[in-house]
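J.: As a plain string of letters, each chain reads:
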Amino acid sequence: MKKNQKTTRFFIIVTSLLGLNLLILGKAFAQTQSATLSIQSGNLTLAVPTSITFPRTVLQPGNTAKITAVENPNDQLQTVEVIDPWSGNQFHVNVSLENLANAHGDIISYSDIGLISLHSNTNNDSVDVSNGRPTGTNNVESPVSYYFEETNANPLNFPDGNYTTFQHDPLDANPEDAGSVSLPITIMQRTVTTASSGIYSVGLALRANIADNNPAGNYQGQLTISLDP
Amino acid sequence: MRYQKQLLISTVVALGINLLFSSMVLGESDQSTVSVNRSGNLSFSAIPNSFDFGTIAVPNVKTPSFSDPTVNGGNLPISKRLTVEDTRGEGGFTVTLSANNNFSDGGSNTIVISNTAPNDNLRVVTSPTLTGVSGTTTNGIIYETNFTGPQTVNALINTNNNYFGTSNTFTDVTNNALDTSVPVVVLDGTLASTNGRIGFMTTGVAAMLDIPAFQAAGQYTSTLTWTLSDSTT
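Quick note, the sequences are listed as chains A and B, same order.
In terms of our numbering, the first sequence opens at residue 1 and continues consecutively.
In terms of our numbering, the second sequence opens at residue 1 and continues consecutively.
If you are wondering where the hints come from, they were derived from the structure by calculation, not from laboratory data.
Glycine included, every Cβ here is placed at the ideal spot set by N, Cα and C.
Hints are supplied without guarantee of correctness; some may be wrong.
[What the hints assert, rightly or not] Partial pick of chain B residues on the chain A-facing surface, computed with a CB cut under 10 angstroms:
1) P48
2) S50
3) F51
4) A57
5) S65
6) S67
7) A99
8) N100
9) F103
10) L209
11) F214
12) Y220
13) T227
14) S229
Based on the sequences and whatever the hints tell you, model everything.
T.: See below:
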C-alpha cells in the first residue's frame, strides 16, 4: 500500500507538469497570410482651362487698352497642369493662338497678344508641383514663368516686357487672316527622363493690346494647349 | 534495488499512459493538482486566403483598392472565412491581426501600414455574410452547427454593411486600421474558466488598402499575422 502511494504521487506530478506544458503550448497560435497589390505606371495627361475670356472693353476714339484674361468665372487663376504617374517621359506643353476674329472677319492679331505663366512657390522653381515624388524633386521648368503670389499681387501689373508675344509662322503666307495660327510658346517642359511623379502646374494669363481702330464686336479665337514629346 | 526497479517501471508506464491517454489519467485522479489541465484544442480551422488588391494605375489622388470589390450587396466567398475551433469547453480566446511589415515592392518603395492617420492605409472588417457556412449568426459570428456554449464572442471590427467595394464599409468601423506593431483585436471571446465553448466560430474578412497619390509602380506585398490566444479569466 505504501509503495502504491509513492507511485501515485509521482504519477500525479508528471501529469501536472505535462498539463502545464500543454497549456503553455496552447497559449497562442499564429498563422500568416499575404496581401498583394500591383501598381502600373501611366501616361502623361494634360489639364487645361475650358476657356479664357477677356473682359468686355469699351474704347473711346484715339484710345488704346491693354486687357488681361487671367481668371475664370469662379475667380480662380487659370492653370495648366501636367499629371505624371511615373511615366519617365520628357514633355513640352505648348500654347498657340489663332487670330481673334469677329463675325465680320475683323481680327485682333495674335501678335498683339502676349502670354505669361505664373508660379506661386518660393523655391526658385519656375513650375509649381504637388505630390512630387521623389520628395523634393521638381524637374519641370517654364521658360516664361514669373513668381506670382495670388493673395498679394495682381497679375495685371506685370510689365509688358514679362509677356511673351505670339509670333507668326514663317510658313503662313497670310498671318493676318482670320483663322491664322501662331507659332507655339512653350510654357512647361521636362527635358530629362529621371523617373518622377506629381502634378506640375503654372497659372496662365493673356494680355491683348487693343487699338481704337479695332471694330466693335465679339472676338473669338482658339487657344491650343498641347502636350508634346 | 528491486523496489527501485519497480518504481522506475511504474513511472515509465505511468508517463506513457499519460502521454497517450491524458484525459483518462486525469479522470482517474482525484488530486487537486491536475485540475489545471484541459482537454481539447483551441486552433484556427481557417484563416482568409491572401488579400489580392488587384492591379491599378498610378493614382493622382489617394485611391482605395479592395480585396473583394465585386461583392456589393452579396456574400463574401468561403475563401475569406476566419474560423476558430474550440473544443476545450473551458475558457475563452481572442483573435488579433497585425502586419509584419509595410507593403514593399522589394526596393525602396513602400506603402506604410499604420493605425495612425494619414497612414492608416490598410483596414479590415469582419462580416458574417459568408457563403457556405451553416449555423446560427449572433452579433457578427456564425456559431456553426452543433456548437455548444455561450454565443458571446465580440466581433470588434464587424460591419453590418456588405458592400465590400465601398470605402464607407471600412472607414465607418473604428480601430480597424492595421499596424506593424499594435495588433488589431478582431475577436474577443474571453470567458471565465468556469465556462466554455465547443465548436466552430466563423466570420468573413475583407480588406481595403488606400493607395497614396502617385505611389510608384511595382508589385507590392505584405504579410499579415493572425494570432489566436487563450483568454480565460
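J.: Hint by hint, note whether the structure agrees.
T.: To see whether the hints hold, each was checked on the structure:
| no. | hint | in the structure |
| --- | --- | --- |
| 1 | P48 | holds (6 angstroms) |
| 2 | S50 | holds (5 angstroms) |
| 3 | F51 | holds (4 angstroms) |
| 4 | A57 | holds (4 angstroms) |
| 5 | S65 | holds (6 angstroms) |
| 6 | S67 | holds (8 angstroms) |
| 7 | A99 | holds (8 angstroms) |
| 8 | N100 | holds (7 angstroms) |
| 9 | F103 | holds (6 angstroms) |
| 10 | L209 | holds (6 angstroms) |
| 11 | F214 | holds (4 angstroms) |
| 12 | Y220 | holds (4 angstroms) |
| 13 | T227 | holds (5 angstroms) |
| 14 | S229 | holds (4 angstroms) |
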